[in-house]
Structure formats: structure tokens, C-alpha cells
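Asker: Here's the letter readout for the chains.
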Amino acid sequence: DQQVKQNSPSLSVQEGRISILNCDYTNSMFDYFLWYKKYPAEGPTFLISISSIKDKNEDGRFTVFLNKSAKHLSLHIVPSQPGDSAVYFCAASNSGGSNYKLTFGKGTLLTVNP
Amino acid sequence: GAGVSQSPSNKVTEKGKDVELRCDPISGHTALYWYRQSLGQGLEFLIYFQGNSAPDKSGLPSDRFSAERTGGSVSTLTIQRTQQEDSAVYLCASSLRRGSASEAFFGQGTRLTVV
Chain V
1 DQQVKQNSPS
11 LSVQEGRISI
21 LNCDYTNSMF
31 DYFLWYKKYP
41 AEGPTFLISI
51 SSIKDKNEDG
61 RFTVFLNKSA
71 KHLSLHIVPS
81 QPGDSAVYFC
91 AASNSGGSNY
101 KLTFGKGTLL
111 TVNP
Chain Z
1 GAGVSQSPSN
11 KVTEKGKDVE
21 LRCDPISGHT
31 ALYWYRQSLG
41 QGLEFLIYFQ
51 GNSAPDKSGL
61 PSDRFSAERT
71 GGSVSTLTIQ
81 RTQQEDSAVY
91 LCASSLRRGS
101 ASEAFFGQGT
111 RLTVV
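Residue numbers (this note's numbering), protein chains in the order written: chain V, 1 to 114; chain Z, 1 to 115.
To be clear, the hints were calculated from the coordinates, so they are not data collected in a lab. Treat the hints with care, since some could be wrong.
[To be verified] To give an idea of the interface, some chain Z residues facing chain V are shown, with a C-beta separation under 10 Å as derived from the structure: (1) GLN6; (2) TYR35; (3) GLY40; (4) GLN41; (5) LEU43; (6) VAL74; (7) ALA88; (8) SER95; (9) ALA104.
Heads up, the beta-carbon is just placed ideally off N, CA and C, and yes, glycines get one too.
Chain V with its partners taken away, still in its complex shape (with noise of 0.2 Å):
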């Protein structure tokens, strides 16, 4: 039972357009989430996070959407650049303060062409 889908294995932008990365997730406990980052043979680096107090959250070029009652977020890269493509993966908690046990989405290869 996954509880934390992204249904886009790949995704494929032009260079200087958005991307938008989407992910839903099952488990209503779910109080704050995650985007990281994966380049090959890395481990994957934190993007860009949000709790479910909010509904937005903007860090430079990235910008994490969060629908509670669809159970939907979205993570919007404007404008994309060829460094962005990599493997994004979306991930949820429900420890409140502790954010240690995520659950992981399977990723969504993003390619960015020049």
C-alpha cells in the first residue's frame, strides 16, 4: 500500500520553462513534506519542505503547493535549468516535530533540455 505516490515516473521540460513535479499521498496523518533531490550515484539532497500549516512554501526558483483536502502537492521549478534535471522524490511525515521516518514517493526523473 504506497501512501505517498508520484505517478510521473519522467518528465521532460525545455530549459527557461516550469516544471511542475506532483505528488498525493493516502495517509491523512501526514503533517509536513518533503522534495529532495537525487543526481546519480548521490544520495539524495533536501530541496525544499512544508508543513501542513501552510499552504505555500517559496525558496528561490522552487515553490512547494500543498492541497490538504485533495491530498495533493506539487513542487513548481521556474525557471527550470539544465542542472535541475535529476531523480525528485516527494516524501511525507506524521511525527509531528521529529521528522525522521519519512515516507518516500518512487521518484520522478526530471530532464531539463537545452
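Given the coordinates of chain V, assemble chain Z onto it according to the supplied hints.
Answerer: Chain Z alone, transformed into the frame defined by chain V:
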């Protein structure tokens, strides 16, 4: 080193053998996490160490899996009597603050293949 170091980077073992995977966290980081990523899957939580507290082992998939963290630093994940379904990339991470996955730095992982 500056980052989380894991060894070996690759391990091929025969079914039924025991393996040990090592993680050297960033110096001073009190929290240490183990995750694994099986082919085509997301990362799966295994175990969490925080200082001298009892670890949260709730993610270990079977009693063949165990982990230690000696002296609050290096951690070893041991898999006994390996099975083919244990094949995965095993990732270790550490963070300065307790339970703060968003501040955790991941190692490059150990790719385990059980043949």
C-alpha cells in the same frame, strides 16, 4: 571527510551470507538514519539513532537486520543470511539536530546485490 561516508560503495554477496555495511556520519552529528531503496521504489526507512537514546528500529524488515552505532559515531548495518529481496541501495544520513530529516545529509549509499 566533510560528508557522510559509506563503505563499501558496492557489495555483491551470495544468498545466505552475512554482510556488514558501514556509515561514517558527519562529525558532531547526533542523529543518524538508515534508509534503503529497492529497484523502482522510493526510499524506505529502516532505523534511526539519536545520541544515547534507544534507536527506533521500527523500519527494519526482519530480524535478520540489525544495526549498531558505537560511541555515537560510526554505524554498522548488518544483514544476516541475505536473501535476494535484500538487494537494494542502502543509504545512511546524519543530521546535527534530532529528528530533522530536512537537515540530514545523505551518503552516496552502498549498492548491495545478493546473487
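Asker: If any of the earlier hints don't hold here, list their numbers in rising order.
Answerer: 6, 7
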